[in-house]
Structure formats: C-alpha cells, structure tokens
Amino acid sequence: MEYNGINISSQGTTGSQGSAGILGAQGVSRFSGIHNALPNVSGAIISYQVVVTGFQQSNIPANRLYAIPFIPAKNTAYSGLAITVQTAGGSGLGRILVYSDLNGRPNSKLFESTDLSLNSTGIKTVTTSGTFLAGVTYWLCWYNSANTSTLSTVISTAPFGCLTVDYDESLIAQLGYYMDVTFGSAPNTFSTSPILFNGQSPNFSTMIYITIA
Amino acid sequence: MNTQVNGVLITGAQGITGSQGANGAQGAQGKNGIQGVSNILPFQTGKNISSAFLCSQSAVIGLSGNVIYATPFLPAFNANYNALSIFIALGAPSALGKILIYDDLNGVPNNLLFESSNIDASTTGKKTVNTSGTFLAGVTYYLCLWISVNAVQTRATLASSVSSIRLSTNTPLTYYRRTVTYGSAPNPFGAVQPVTSNPPLIVITLN
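From first to last, the protein sequence lines stand for chains A and B. Mapping of the first sequence onto this note's numbering: position 175 corresponds to residue 175, and the numbering continues sequentially without gaps. In this note's numbering, each number is its position in the second sequence, counted from 1, plus 1000.
Here chain A stands alone, though its shape is the one from the complex:
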C-alpha cells in the first residue's frame, strides 16, 4: 500500500512482554515463644524461668511427677538436661522428663532420662540431644524416689518468673501440674486430670536446666 508515496504493508512489531512484578516481601515474623528469647549460645544454660528471680531449695515429695511449661522463642538444640542437688540425703533417685502439650496441659511423653543419683551435691546432668522447636509448648518434668535431698527450685518470692498456667478456686496463680505416679513408671500419656500446683512456700518446682548445643 502507499502513503505519500511510501509503501506500508507490514504489521508493526509485537510489543515485548512487561517485566515480572517484584517478589512480594515475606511476612513479618512474630515472636514465637517466651523462653530463650536471646540468641542461642552453645553451652549456655536456660530454663523455664522467663525472668531472673534466683532460686531456692526444696525437698520434693516422692513419687509425684511435676510439670512446668517451656515455650522456646527460637529453635533450641540442646545437648543436656540437668538439675542441681543442694543438700544430699539418702539414696534417692530422680529422672528428668519431657512431655508434649495438648491444649495447655502435658500430654505425650517425649523423653525420660535414666536415673540420676541424688546422694551427692552438685549439678546432675543427663547427656541427651534434641531440639525444642520455636513456638511449641513442652512440659519439663521431674520426679524422684525419695524426698531426702533438697533440690534447686524456682524462688517463691514474687514473681516466680514462670508462666501462670491457671488459677485455683481461690484465684491463686498456679505454676504447673502434677500427677502421682510411682518412681520409674511415668506414663506415656500424662494424667488427663492433672492437679494444679502453685509456688507458695514450700514450692516443688524443681529447676530443670537445658544446655544449649
């Protein structure tokens, strides 16, 4: 065809496709737990205490499995679990356990240590490894065969530094749950009717330490 003497016959070039949109930004991560909020440091020792409140010591009743919640803010690989014997007495034994959570209560047994001897003072460590996952609730548990040794516990002055799990009928804040069980026979599933316990003196919240791997 002609236009002012110029032949125009070909179709214009197809436009190129626009460039792809910019990748959407990742959503903002939220704080996923309450414990171990600072960065992991290998060898550091943490516990279920949220704030620093010191410790005291208590004779823990025998054949009673105590559970206190632990919700790490970040994935926490660990290489050991421990308790501290403050005053040795008799030939008692104890075990550290970890239970999963179901609706705010201890549920399935994830770990049970071998026997720890309580007949000498000092830190009693179970060498075991694993990872506590960020934002997941675990229940750190303890029971012993005799109440003849005193163990480090969370301090019973205010606050205990541990999460409030509930209130009893008198509206007193409660520290965790326990169930009665013969030493050495912790069930795979925690009691579905656990009993609340608070930290009023004497308190039976054995301090369980986690060593970061």
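Mixed in with the good hints, there may be bad ones.
[To be verified] Computed footprint of chain A on chain B, listed as stretches where at least three residues anywhere in the stretch have a Cβ under 8 Å from a Cβ of chain A:
(1) 1047 to 1054
(2) 1156 to 1165
[Stated by the list, open to error] Facing chain A, a subset of chain B residues (Cβ under 8 Å, in silico):
(3) 1041
(4) 1057
(5) 1201
[To be verified] Residues from chain B that face chain A, not an exhaustive set, calculated with beta carbons under 8 Å:
(6) 1040
(7) 1044
(8) 1058
(9) 1085
(10) 1087
(11) 1126
(12) 1203
Calculated from the structure, these hints are not laboratory results. Just so you know, even glycine gets a beta-carbon here, dropped at the ideal spot from N, CA and C.
Start from chain A and add chain B according to the hints.
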C-alpha cells in the same frame, strides 16, 4: 485491516501491545507466633487466665471507693470466655462492685465494651459474673474493677507479674485508675491516672 486515510490506503496493522508482566510471586507467610503477653498457653475449657503472665505470690490490696481500676489485657490467643471473677478478701457493709471492659485507644482505655450488674462486695469469697464473649489475640483490652465504697480488699496480681504499661522514671506503671462516682460506667473512659502498684485481679474463665 485495510483503512483509507485521505485517500491513502494503510494496510499494516498496529503492533500488539505487550502484555502486562506476570505478578510477582507471593511473599512467604510470616511465621505465626505469640501476639500478646497474656494467655500464652493454648486455651482450654475451664482454664482461668488473667492479665498476669507470670506466676506470682498471692497478694491482697485495699481498694478505694468510687475509683475504676483498669489493667491492660493482651491475649496471645483468641480467648472465648464465659465468666469473669474477682476474689473479695475483705468486704465492707453495703459494698457493691462492677467488672467493666474497655477497648484501647493509643494505650489508654477508651470505649466501654461491657458493664456487669452489681456484685455483692460486702462479703468475702469468689464473685463471678456470668457473661460470654471473645477476647481477640493481639488486641488490647482493659479489665476494670469498680467498687462503691472504701475499705474493700481484693486479691491482686503482683505488679512484677504483669506487663508494664510504661515507666515512670524508674518505676513500671502497671494500670490506670480514674475517680468517678459509682453508678453507670463512663463511656468513654475519660482521663486516666497511671499507677505503679499491684493491680486488682480479674480472672477470665475460658470456655
């Protein structure tokens, strides 16, 4: 397509406009996590929670009459509730009380969301108001207690067990109060006075 313009035949078609670029891939979802500081453990029917997130010794405080005590409550999970309770440690003759809930505006109590009927605060014991609703995760509410006369004592949360509002010099502020004659709750809350001491305990029963 053939077109004539001023007698000129134009046969070349216009180039096709380039298509729009594809949308960028959606960003990964942010990690879910705790959205508040109270009710950090998952809820369960019958469990009792409060503004406190740390377990504490039991405390008792004396309340002033005609003062609304407003403590912030910021749940980590949605919390369906069916009751609110206080614990009167010492009653006073003819004393009445109310539990109130306000929403938040810029860190202070604002609109009235709930006003209970009168509670008998003349006798000791747990006093429960049956009411239902949902506290939403990550939303700030103010749980309030209002007593009609002086000398009533109630169980309280230790100041060291609640999330502070902010600091007053070196001291954490734990709750707000407003002096207002007992009767119908003000709406909005009105001018606040921040306080540093143990706030009265209001317990929420989950369902």
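Each hint, compared with the structure:
no.	hint	result
1	1047 to 1054	holds (count 7)
2	1156 to 1165	holds (count 4)
3	1041	holds (4 Å)
4	1057	holds (4 Å)
5	1201	holds (6 Å)
6	1040	holds (6 Å)
7	1044	holds (4 Å)
8	1058	holds (5 Å)
9	1085	holds (7 Å)
10	1087	holds (4 Å)
11	1126	holds (6 Å)
12	1203	holds (5 Å)
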